[in-house]
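Asker: Protein chains in written order, with this note's numbering: chain A, 1 to 184; chain B, 1 to 164; chain C, 1 to 779; chain D, 1 to 292.
No wet-lab data here; the hints were simulated from the structure. Note that CB positions come from ideal geometry on N, CA and C, so glycine has one too. Any given hint could be a false lead.
[Unchecked claim] Examples of chain D residues toward chain A, derived with CB under 10 Å:
| id | residue |
| --- | --- |
| 1 | 2 |
| 2 | 39 |
| 3 | 139 |
| 4 | 143 |
[Stated by the list, open to error] Mimicking EDC-like on lysine to aspartate or glutamate, the simulated pairs with C-alpha atoms at most 20 Å apart in a straight line are:
| id | chain 1 | residue 1 | chain 2 | residue 2 |
| --- | --- | --- | --- | --- |
| 5 | C | 105 | C | 578 |
| 6 | C | 17 | A | 127 |
| 7 | B | 116 | C | 8 |
| 8 | C | 387 | C | 302 |
| 9 | B | 116 | C | 483 |
| 10 | B | 116 | C | 173 |
| 11 | C | 183 | C | 173 |
| 12 | C | 105 | C | 136 |
| 13 | B | 116 | C | 130 |
| 14 | B | 116 | C | 302 |
| 15 | C | 519 | A | 98 |
| 16 | B | 116 | C | 516 |
| 17 | B | 142 | B | 126 |
| 18 | C | 558 | C | 526 |
| 19 | C | 105 | C | 53 |
| 20 | C | 519 | C | 8 |
| 21 | B | 116 | C | 125 |
| 22 | C | 519 | C | 571 |
| 23 | C | 387 | C | 308 |
| 24 | C | 17 | A | 81 |
| 25 | C | 183 | C | 53 |
| 26 | C | 559 | C | 526 |
| 27 | C | 17 | A | 73 |
| 28 | C | 600 | C | 578 |
| 29 | C | 558 | C | 641 |
| 30 | C | 105 | C | 125 |
| 31 | B | 130 | D | 256 |
| 32 | C | 558 | C | 625 |
| 33 | C | 77 | C | 8 |
[Said to hold, decoys possible] Far from chain C by the CB rule (all over 12 Å, computed), these chain A residues:
| id | residue |
| --- | --- |
| 34 | 16 |
| 35 | 19 |
| 36 | 120 |
| 37 | 156 |
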Amino acid sequence: MSVQAGHVVSLTVNGSPATRTVEPRLLLSDFLRHELGLTGTHVGCEHGVCGACTVLLDGEAVRSCLLFAVQADGHAVETVEGLAAGGELHPIQAAFHETHALQCGFCTPGFLMTLVPYLREHPTPTEQEIREALSGNLCRCTGYKNIVDAVALAARRGAAAGRQGAEAAPARRAGSGAARRGAA
Amino acid sequence: MIVQGEYTFPGTREAIWELLLDPAVIARTMPGTEEMVRVAPDRYEGRMRVGVGAITAAEFTVSVQLADVVPPERYTMQIDGRGRFGFTRGTAQVRLAADGAGTVMRFEADLQVGGKIAAVGQRLLDSVSKLMTRQGLESLSKEVNRRLASADPGSRSPNPGSLP
Amino acid sequence: MSARWLGERVPRLEDTKLLTGRALFTDDVDLPGMLHAAFLRSDDAHGVLRSVDVEAARRRPGVVAVWTAADLGEYWKPGPALVPPPPIAGLVFNSATQVPLAREKVRHVGEPLALVVAVSRYVAEDALDDIVVDVEPLLAVTDLEAALAPGAPRVHEALGGNVAARARQSKGDYAAARGRAHKVIARRFRYDRGAAAAIENRGVVAAWDAKTEELTVWDTTQAPIPIRNGLAAMLGLGESQVRVVAPFIGGGFGPKIMMFYPEEVLIPWAAMRLGRPVKWIEDRQENFYATTQERLQIHDAELAVAKDGTILGVKDRFLFDTGAYDPYGLTIPINSQCTLLGPYAVPNYDSEFTAVFTNRPIVTPVRGAGRQHGVFVMERLLDLAAKELGMDRVEIRRRNFLPPDAFPHDHQILFQDFAPLTYDSGDYGPAMDRAVDAIGYERFLREEQPALRRAGRHVGLGIVSYIEGTGIGPYEGARVTIEPSGSVRVATGVGTQGQGHFTTFAQLVSDVLGMDPSKVQVITGDTREFGWGTGTFASRGAVVAGNAVHEAAIRVRKKVLKLASEVLGVDAGELFLECGSVHVKGAPERSLRLGDLARKANPLRGGVAPGTEPGLEATAYFGPERGNAANGVHAMIVEVDPETCEVRIRRYVVVHDCGTVINPTVVEGQVQGGVAMGIGNAFYEQLVWDENGQLMNASFMDYLLPTALDVPAVEMRHTVTPSPLNPLGAKGVGEAGAIPAAAAFAQAVEDALEGEIEVLEIPLSPNRLFDLLGSRSRP
Amino acid sequence: MKPPVFDYFRPASVDEALALLAEHGADAKALAGGQSLVPAMNFRLAQPAALVDLNGLDELAGIGDGPAALRLGAMTRHCAVERSAVVAKRAPLLTETMPYVAHPQIRNRGTVGGSLAHADPAAELPAVMVASSARFLLRSRSGERWIDAERFFTGLFATALEPGELVTAVEVPTLAPRTGWAFEEMSRRHGDYALVGVACLVTLDAAGRCAAARIALLSVGEGPVLAPSATAALAGVQPTADALRAAAEAVNADIDPPSDIHASAAFRRRLATVLTRRALTRAVERIATSAS
C-alpha cells in the first residue's frame, strides 16, 4: 500500500502501547520526542555518528535518527525514560551518578541505552572492551574516563548481584530471538 | 580542485576542434548532460544531472562561456553550474596539438565546488571527478571514431584513442 | 562556620533529572500552536547578493511566513559590538558586526539569507529548496597574509582593507636583549581552526503573550541576562517584559555566549509578528557554519636566551583570523598575547598581532580562547632552545619560573579584562616536581625509552607548564532565601552548561547555613529568578558567582542569628547552625528550625521594628578587582607508529592548581574533559577550508571528535595556592585542561621520533606526520 | 536535516518487493539497514520517490551452513554475522572484519546485502567478499542469477545489479586447507571510513610455498580492488619476510587511490603497502599456528 501521509504506527514504548498516524518520513527520534513527548532521547547530529539518539528497538541499541517511525510499527522501543523502574535508578544510571560520568548530560541517555544491552551480553568487560562499546557515542564534556569507570562499576555490581537476567525485558527476548533467527 | 589530463584522438586538429565545440557532441559526451544549447557563438547553456550511488542525480543548470579562442589550437571555458546541492564553477583550458595522424588534447580545469557537495561529499570528490573525466573522454573518443567511420567508411581508425 | 562541605566530593544534585530524561533542554520546550523555523544559508563564501526569490516558498502549503533582509525593515540592524577594544596605545580597531540576514553581500558560507516559518521543521526545510538565490561570486579572502596584501579583495568594502585590529604590547627592550643573547630561536607556528561542537546544537524558542504583554525566550545561551537586555532594547520592550530562560544546556564551551546570533534576534521577533510560539533548533550541518568557531593564528616568534637557558626576551608577531565579523573584539588575541608569558620571568617582551577579516564564519572564544596559542608558541620555543643549548626540557623551565616571592607579579601589559596582567599567586616549582614524579620523568628517559627504542618502539614524552588567566569581572550576583519549608533557594544569573554549579553552589551555602546540600535548590539562567549578571565564560562561574553565593549566604546567616537570638532570648554568640536548625550552645535541645524562623521573619500581624526586612533572604554581588592566575603542568607519553603515522597516548598526567577546590570530583571532571578537547585539537579536529572559503568537512563523519578509544584516563594531582583576590580563594578551572594539551603532544611526538621532525603546527594528523617525515619513514 | 517526502511500502514477500521495485523503477530504492541511505536522506542528498522496506522479509535473513559454502541471507544484520559461531568457523576472515564496520549501533541495523549493494569504496564487506571469492544471488521478477563478487562491483558505488534486481543471498566458499586469513585497516578513529583496508587469504602447499593468495583492498580505488601484481609476486615462493614485503610493495601497481582531506593518494599508497605486508604476515602466521 502506498502511504504518503497518514501512515498508522502501532508500537510499544517502554512497555506501553502507542498508536499514531504519521508521515513516512518522520524520523523515529522526532516521533519519540515530539509525537510521544519522550524528550529524554536527544538529537545531536542526525547522521548516525554521535549516538545521542540511541534507543532500544526490540532490545537492540539503534540510532533513532536513522530509522523512520513507520519502521517501528509492530516493534518494541525502549527509551531512557523507561530505565528507572518505580523511581529507582537503573544500576547503570546509579553508577553514572556515583562516578560523575555526566556533565551537561545531553549525550547521557544515548550512552545509557547503548550500555543496557551491552552489559547484558558482556557482564564482565575489560576496560578496552568498554571503550570499544562506547566508541559509537560522542561525549564532549567528560573525556570519557568517568563513563568507563561507571560501566566497570555497574558491571562489578551486576556480576555480584547476578542480575543481568533479571533485567531482560520481554522486548529484549523478542530482540535476541530476532538475532538468533539470523544465526539459525 | 585541479582536473588535468591528456588524450590522443585519431583525426586532424581541425576535425577534433569542430567536434569539441559541437553542442550536440558535448551533450552526448559530457557525463550527465541532458541538454546543451549554443546560445551564442561563444556561449553554451544547458542542464546536467549528476549523481553517484545513493546520491540522487541532482539537476544542475550549466553555462559555458568560451574565451581566448584560437582555432584549432586552444580555448578557455568559463564553467558555471548551479543546483540544489551546491555549485561547480571554474575555468578549463583546452589545447590541441598535431601528433602524427592524430591530435593530442591537453586539458586543465581549475574547479570550485561549493555547498553541500563540498561540505558533505569531500571524501568522494576526487573519485567522482576522475570518473567523470574518464567517462567524458571515452565517450568523446567513441564519438570521434563514429564520425571518422561515417566520414570515410573505407578506413577504420588504426588508433581508437588511448588514455596515457 | 564549619567547612564541612567545602572541598567534599559531593555527588551532583542535578544528575537525577539528567539521567532519567526529565531535564528540560531548549528543544524539549513544546507549546500549543508552536511553529518551526529554518534558515536558508549561503552556499557562497563571498559574493554580491543579487536576489533572493522566496515566492515559491511562500506558496508552499504549510509555510506560514518567509522573510528576507528586505522584509525586516527597521528591525534590520548589525549586531552590537560585544567587547570594546582595550585602552592600548596605538591600537587599531575596525568594528564590523554580524547582520540578521545578509543584504547586498554574503561574507561567509552559511550566512543566513532567509527565514522560513512553517508548521513543521520538515516542511520548513522543503521550503528552503523552493528559494532561488542569485549571487555574483567574488574572490574569497581566506589566506591571512594574502588578505593584507595591497589590492586584496575586501570582506568589508567600507573599511580600508581587511585589518580588523592591530595591537602591540611590549615591555623592556627586546632588541637590546636580543643583542645580548647567546642564542635566538625563531620559528613560524600555525594553530588552525576547530569547532566547539557541543553535542547539543543551538536553539531558540520564543513565545509572546499578548494578554500579559510578556515575551518568553528559551535560549541555549551562556548569558541569559545580557540576551534579555539586548532583546528588550531591540524589540522596544521593558526588560521586565522579557524573560530569558537558559534551561539545561548541552555543552557551551564558548560559542553559546556569542551575542547576538541572527537566530536570537529573529526568532523572538517572528513570534511577536505571528502571535504564535516559534521554535528554531540548529541542526548539526548548520552548526558548522552558523555557530562561532576558533582558532587560526600564525605566529612568527623568537626567543632570546642566555647560555644558561635564562629567558632574555620574546618577540612575537602574529596574525589572527577573526572571520567575517568581529563582534567579540580582541579577547582572543589578547589572551594569546598575555598567556604566552606563562609561568616564566620574561624581562623583555614585544608582541604585536593583526586581526584579519576573512570569508569564514565568525571567530569568538572557544574553551581556551586563544590561551592555547600562547602556550604552544612559548613551550615550543623553550623546547627548541633546550635542544640548541643541550639542556634538559624540565630544567630550562624550572630555571625561568617566577619564584614564589614574585607575587603579585605585574607583567606590565593589559589582559582581556583591561586590567594589568598581574598574577595574584602561584608556586610553580612544586607543580613541576609533582608532574616529573608522577610521569616518572627520569626513569622514562634513562631506562624505559632507551629499552623500548632498542625494541624498535617509538615512544616519547612531553611535559609543559601553563598559566590560565581566569575568574575575571565585572561581577555576578546571587540571592539566597530560606523558605518556610526549611529548604533553601539560591538564585544566580549565570547560566550553567554542565559545570556542576547546582552542586558546588549548594556546597558553599550548606557550610554557611549548616545544612545538607541536598536541601539547597539552585536556580540558574532564568532572568525572572535573578536579573543581574553577565554570564558563564572565562572560567569564572565558581570564582565570581561562587563568591557572590557565599556572601549572600553569610548575610542570611546574620539575619538568622539576629532573629534567633531575639526569639530564643540568648546572645547571638551563643548560637550555632546545624542540620537546618539554630541551636543554643550547651543546650542543643533549645533549637529552632530554620523554616519556622523564616515564618517568624514574615509576620502576618503586628508591627515590626523600623528598617526590618521581611524573611530570611539576602542578595549579594561579587566583582573581583582583576582576574586570577591558575596554573599547572601537563605531561604525557605517546607512542608513534612511523609506518602508519598513528599516535597513541599511553599516559597523561595533569598537575593543576586552581586555588581552593570546592568539589574535587567536579574539578577533575572539568580537567579530564578539557584534556579530551585539547587532544581533539591536537590530533583529530580541524575545520578544513578550501581557498574559496568552502568548508570541506561540515559533518561528524569528517570532523573528528575524539572517542572513548582516543582519550586516555588522566592521572591527576592538585596543588593549592589560594587566590587572595576572593574570599573563597578560588581560581577558575573550566578551560584549563584544553590549553596546554597541544604543546605537550607536539613535544612528545617529536621526542618519540627522536627529533627527526619539528612540530610547529597544530592540529597534527597521520597524513601531516607522513608529510613531515617524508622519506625518513620508509616501511 | 530532515528527509524529503517519499512513498513508503512494506512488502510482505520478496516477490511483492520485486514487483514494487519494478513498478517504481529508478525512483524507488530498497530500504535494508538504511545506515547509509537514511543519513544521505537526512542531508537531502538522497531523494528517492519511494522506499521499499525489506526489513519485514524474514525469508531474506539467516545464516546457513552448506557443505562447500557458508550462505548469508541478504538481510542478515552485521551484528548477527559478528556473533555467529558458524561464521567464525566457516568464514573467519568475515568474523575478523565485522568489528571494523562502523559502530555497534550501526551493526545492529546494517545488513550484508545492503552494504554490498551500496558498494561504498571505503566499505569493508565488498573487499572481504572479493578476497573470499564469494558469489551473490541476484533476484528480479524475471528470475535469479549468481554472480561472482569480483564481477559484481563495477565502479564507484556501481554494481551489476539491474533495475528492479535485489541481492538476496551471499555464498562464501569454505577455506581450503592450509589457508590463513587476515584483515587490516587504518581509519582516523575506530569505526570511521577506512583510509585504507586490506583483506587477504593465503594458501600454502605442503612444502610451505604459496599456492594461492587473494588480496583485496578498500579505499584505494572506485570499489574493492583486487591486487593481482601482489598475488603474482607470491606465487610459488616461500612466504619469507622479504617475499611478503616485496608482494606488499607490488600492490602499488594495482591501486589508484584517491586523495581526500584525511589522506593524500601518496599516504594511501604508503598505508596500502604497510597494511598489506602486515595482513600477509598475520595470515601466514595463522597457517603455521593452525598447522602446529
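Asker: Each hint: holds or not?
Answerer: For each hint, the structure was consulted:
1. 2: holds, 7 Å
2. 39: Residue 39 of chain D check passes; min Cβ-Cβ to chain A is 4 Å, inside 10 Å.
3. 139: It is violated, given that the least Cβ distance between residue 139 of chain D and chain A is near 19 Å, above 10 Å.
4. 143: violated, 26 Å
5. C:105 with C:578: Outside the cut-off at roughly 65 Å; violated.
6. C:17 with A:127: Distance of about 28 Å is beyond 20 Å: violated.
7. B:116 with C:8: Answer violated: residue 116 of chain B to residue 8 of chain C is near 50 Å, above 20 Å.
8. C:387 with C:302: holds, 15 Å
9. B:116 with C:483: Roughly 55 Å separates the two Cα atoms, so the pair is violated.
10. B:116 with C:173: violated, 52 Å
11. C:183 with C:173: Holds, at about 17 Å.
12. C:105 with C:136: Since the Cα atoms of residue 105 of chain C and residue 136 of chain C sit roughly 9 Å apart, the hinted pair holds (cutoff 20 Å).
13. B:116 with C:130: Satisfied, since the Cα-Cα distance of roughly 16 Å is no more than 20 Å.
14. B:116 with C:302: Given that 20 Å is the threshold and the Cα spacing comes to 42 Å, the pair is violated.
15. C:519 with A:98: holds, 19 Å
16. B:116 with C:516: Distance of about 54 Å is beyond 20 Å: violated.
17. B:142 with B:126: At roughly 24 Å apart (the allowed maximum being 20 Å), residue 126 of chain B and residue 142 of chain B break the hint.
18. C:558 with C:526: Measuring from Cα to Cα gives roughly 27 Å; hence the hint is violated.
19. C:105 with C:53: holds, 15 Å
20. C:519 with C:8: holds, 16 Å
21. B:116 with C:125: Roughly 14 Å between the alpha carbons, so the hint for residue 116 of chain B and residue 125 of chain C holds.
22. C:519 with C:571: violated, 27 Å
23. C:387 with C:308: holds, 12 Å
24. C:17 with A:81: At roughly 10 Å apart (the allowed maximum being 20 Å), residue 81 of chain A and residue 17 of chain C satisfy the hint.
25. C:183 with C:53: violated, 63 Å
26. C:559 with C:526: Violated, at roughly 26 Å.
27. C:17 with A:73: violated, 30 Å
28. C:600 with C:578: holds, 19 Å
29. C:558 with C:641: Roughly 64 Å between the alpha carbons, so the hint for residue 558 of chain C and residue 641 of chain C is violated.
30. C:105 with C:125: violated, 23 Å
31. B:130 with D:256: The given pair, whose Cα atoms are some 10 Å apart, holds under the 20 Å limit.
32. C:558 with C:625: violated, 26 Å
33. C:77 with C:8: Violated: residue 77 of chain C and residue 8 of chain C sit about 49 Å apart, past 20 Å.
34. 16: holds, 15 Å
35. 19: holds, 20 Å
36. 120: holds, 19 Å
37. 156: holds, 17 Å
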